[in-house]
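*Asks:* Could you put together the complete structure from these sequences and hints?
Given next are the chains, with one letter for each unit.
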Amino acid sequence: MDWILLLEQTLNGLQFGLMLFLLAAGLTLVFGIMDMINLAHGSLYMVGAYLAATLLAYTGSFTVAVLGALAGTALFGALLEVSLLRTLYQRDHLTQVLATFALILIINEGTRIIWGSQALLLNAPDALSGPVELFPGLTYPAYRLLIIGVGLAVAVALYLLVAHTRVGMLVRAGASNREMALTMGVNVKRLFTAVFATGAALSALAGAMLGPLLAVQVGMGESILILAFVVIVIGGIGSIRGALVGALLVGFVDTLGRTLLPMSLRSVLPPMVASNLGPALASILIYVLMAAVLFWRPQGLFPARG
Amino acid sequence: MRTTTRLAAFLTAACLAGAVQAADPVKVGFLSTLSGPSAAIGLDIRDAFELAVKLNGGKLGGLPAQVIVADDQMNPDVAKQLIERLLKRDRVDIVTGIVFTNVMLAVAPAVFESKTFLVSANSTPAAYSGEGCSPWFFSTSWQNDGVHEAGGKFMQDSGYKSVVLVAPNYPAGKDALTGFKRFYKGTVIDEIYTKLGQLDYAAELAQIRAARPDAMYVFLPGGMGVNFVKQYVASGLNKTIPLVGPGFSADEDLIKAVGEPMVGMYNTSHWAHDLDNAANKRFVTEFQKAYGRLPTLYASQGYDAAQLIDAAIRDVKGKIEDKDALRKALRAANFKSVRGDFKLNVNGVPIQSYYLRRVVKEPSGRITNKLQATVLSAHPDAYVGACKLK
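If you read the protein sequences in the order shown, they are chains Z and E.
For the first sequence, our numbering assigns the number 1 to the initial residue and increments by one for each residue that follows.
For the second sequence, our numbering assigns the number 1 to the initial residue and increments by one for each residue that follows.
None of these hints come from the bench; they were simulated from the model.
All C-beta atoms, glycine included, are put in the ideal place defined by N, C-alpha and C.
Fair warning: there could be bad hints in the mix.
[Stated by the list, open to error] Straight-line distance between alpha carbons at most 25 Å, and here's what the computed SDA-like set of lysine to any residue pairs gives: (1) E:Lys239 x Z:Ala142; (2) E:Lys153 x E:Val263; (3) E:Lys195 x Z:Asn123; (4) E:Lys319 x E:Ala332; (5) E:Lys256 x Z:Ile114.
[What the hints assert, rightly or not] Covered stretches of chain E (in silico footprint by chain Z; criterion: 3 or more residues with CB under 8 Å from a CB of chain Z, positions within the stretch not fixed): (6) 24-38; (7) 184-195; (8) 207-213; (9) 378-389.
*Replies:* Following this line, the structure appears as structure tokens:
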């Protein structure tokens with residue numbers, strides 16, 4: 001086993017995991033605090049990516065594009081919460097799933113109407129489009145390093161916000177016991193809108209940062225939303241710490257599984273069988289992980305409700 | 001009295017109009033991938049097909065052409081529903097446009113069963129080239145292995161001792177690497193199969209770096225290829241391990257997305273925009289005039305699909321009901337292909353030459369493909385021997 005390969009895969013896993021964390025953080029808070037299943041969370045990720053691509057085309061500045069996408073999506077999220085989702089909090093989960101699934105369809109079609117059905121081009125800034133030599137033998141794409149940096153910074157900022165500020169205290173109180181927080185006089189309406197807008201901004205950040213690596217297209221939110229749900233189920237619903245650990249676990253298992261599993265299979269099985277079996281097994285690995293966590297710790301690794 | 005005359009005149013006119021239209025239009029069901037990251041393929045085939053019809057005055061073989069376009073979204077389930085609609089409700093005479101082999105394998109049985117001709121402008125799977133060949137199947141592209149056989153031959157001839165291969169985990173991906181290995185005799189260190197539609201290749205790139213091959217060969221069509229090549233360049237691997245691919249992994253759409261770093265990349269194709277023949281010159285000029293961009297190899301296939309249909313209907317003098325005659329005419333492929341030499345084999349798959357192209361930067365600053373050499377000439381596919389058709 002080549003340790004450079006292992007190191008590079010670790011960086012890849014970290015990069016993927018941190019982006020999943022951005023998505024999962026918003027999802028887990030909305031789920032934990034408002035007891036609301038928001039399937040349309042992936043749509044906010046898509047809206048963020050589209051806004052970033054559009055702003056980049058107009059302004060030419062990647063920073064402006066990402067910040068603009070953040071602000072725009074946060075506003076969109078807040079409007080969505082105030083106008084529609086607010087009325088769903090009291091309903092049962094099935095109604096929420098149906099209503100937010102309808103939202104997915106509406107936002108997808110809306111996006112198609114505004115931007116067309118072809119994927120948009122969102123390129124990383126030129127300065128970051130090349131590789132960086134970390135040390136002899138390992139060059140790593142500069143843009144992926146930026147993603148890791150941004151992801152880590154956001155994770156630390158979120159931790160400080162949730163663990164060391166008054167707003168964070170309210171959020172934690174809401175997640176661990178909503179009724180009690182209500183009776184203690186927390187202005188839930190405003191808190192909910194703020195949490196939702198923050199979640200929207202985080203998923204827009206993920207969308208805008210991943211845009212140059214993936215493709216900005218209609219439906220991009222759904223595939224990654226499933227992973228985000230896996231993350232919050234593993235981490236424990238409502239827990240930011242759980243979301244971080246869960247996201248990194250899923251990122252590492254997925255990335256390392258995709259290379260190590262076929263490689264190790266090849267050493268014990270004939271190549272044809274291994275090349276058929278490897279990718280298939282690798283793609284279900286994270287679900288196996290989720291099943292295992294659910295079996296031993298049904299509440300997730302870091303349950304928010306004690 | 002006056003009203004009656006007027007009515008009679010109107011009726012006569014209506015009948016006359018009816019008589020003019022009596023030449024029933026030929027209905028073409030164009031099922032293709034027109035949305036998502038790989039939409040560029042379907043759009044190029046559609047644009048070229050429609051261009052050929054337009055240059056023909058809206059006709060195919062003298063019959064007014066009605067092209068019914070449907071978007072399969074690269075999804076076999078969606079495609080199955082659409083093909084039912086095209087065959088049963090629209091009653092199309094010919095189906096074309098299908099891009100991806102997983103879609104092809106899902107819809108072709110229904111097309112064959114309804115005794116409708118399928119002129120493929122792209123996917124030509126092994127399943128319909130050998131033992132499973134069908135009298136209803138014709139291709140104006142290349143058997144799925146074709147360009148990859150040329151790729152294997154080129155890399156064998158260039159003396160690369162070891163390679164790593166990447167392809168999506170679906171039938172055409174397996175076809176591609178089988179074709180490559182038929183002509184490449186060096187060491188294949190690793191064959192990496194990725195999920196169809198995968199867009200992030202970080203894990204695979206790390207694996208390639210660790211494997212240290214002499215060169216890379218990738219089969220990743222559409223948006224997958226755009227992302228792979230972009231990420232390959234971003235990871236710096238292109239400086240140490242040369243990347244070779246089939247023509248569509250280095251075509252105009254990719255060059256537009258990736259730009260400068262692609263210069264120097266070799267690729268194999270059955271067609272090049274600078275192939276020197278009259279039909280091709282007209283096609284490239286008209287395509288640029290109509291759409292303001294250079295055509296890709298996919299476009300050349302779509303254009304030839306329309307030309308093949310046009311020629312066949314002309315040869316049977318518009319009698320498309322006579323399916324046996326139409327089949328003979330399709331098989332004869334009596335038209336000037338943009339790729340020069342072109343014949344259809346008994347299985348409906350082209351016998352054609354494959355060329356080597358290289359991405360270059362022209363003095364004008366334009367980055368584009370330049371024809372280098374012929375890799376395989378008048379090359380039949382590997383499966384035709386097993387086909388029982390005559």
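*Asks:* Next step is simple, just say for each hint if it's right about the structure.
*Replies:* Structure-based check of all given hints:
1. E:Lys239 x Z:Ala142: With a Cα-Cα distance of about 16 Å, the restraint between lysine 239 of chain E and alanine 142 of chain Z holds, given a limit of 25 Å.
2. E:Lys153 x E:Val263: Since the Cα atoms of lysine 153 of chain E and valine 263 of chain E sit roughly 22 Å apart, the hinted pair holds (cutoff 25 Å).
3. E:Lys195 x Z:Asn123: 23 Å, holds
4. E:Lys319 x E:Ala332: 16 Å, holds
5. E:Lys256 x Z:Ile114: Distance ~23 Å between lysine 256 of chain E and isoleucine 114 of chain Z Cα, so the pair holds.
6. 24-38: holds (count 4)
7. 184-195: n = 5 at 8 Å, threshold three: holds.
8. 207-213: holds (count 3)
9. 378-389: Since three or more residues must qualify, the claim that chain Z covers the segment 378-389 of chain E is violated, with 0 doing so at under 8 Å.
When held up to the earlier numbered hints, the structure conflicts with hint 9 and nothing else.
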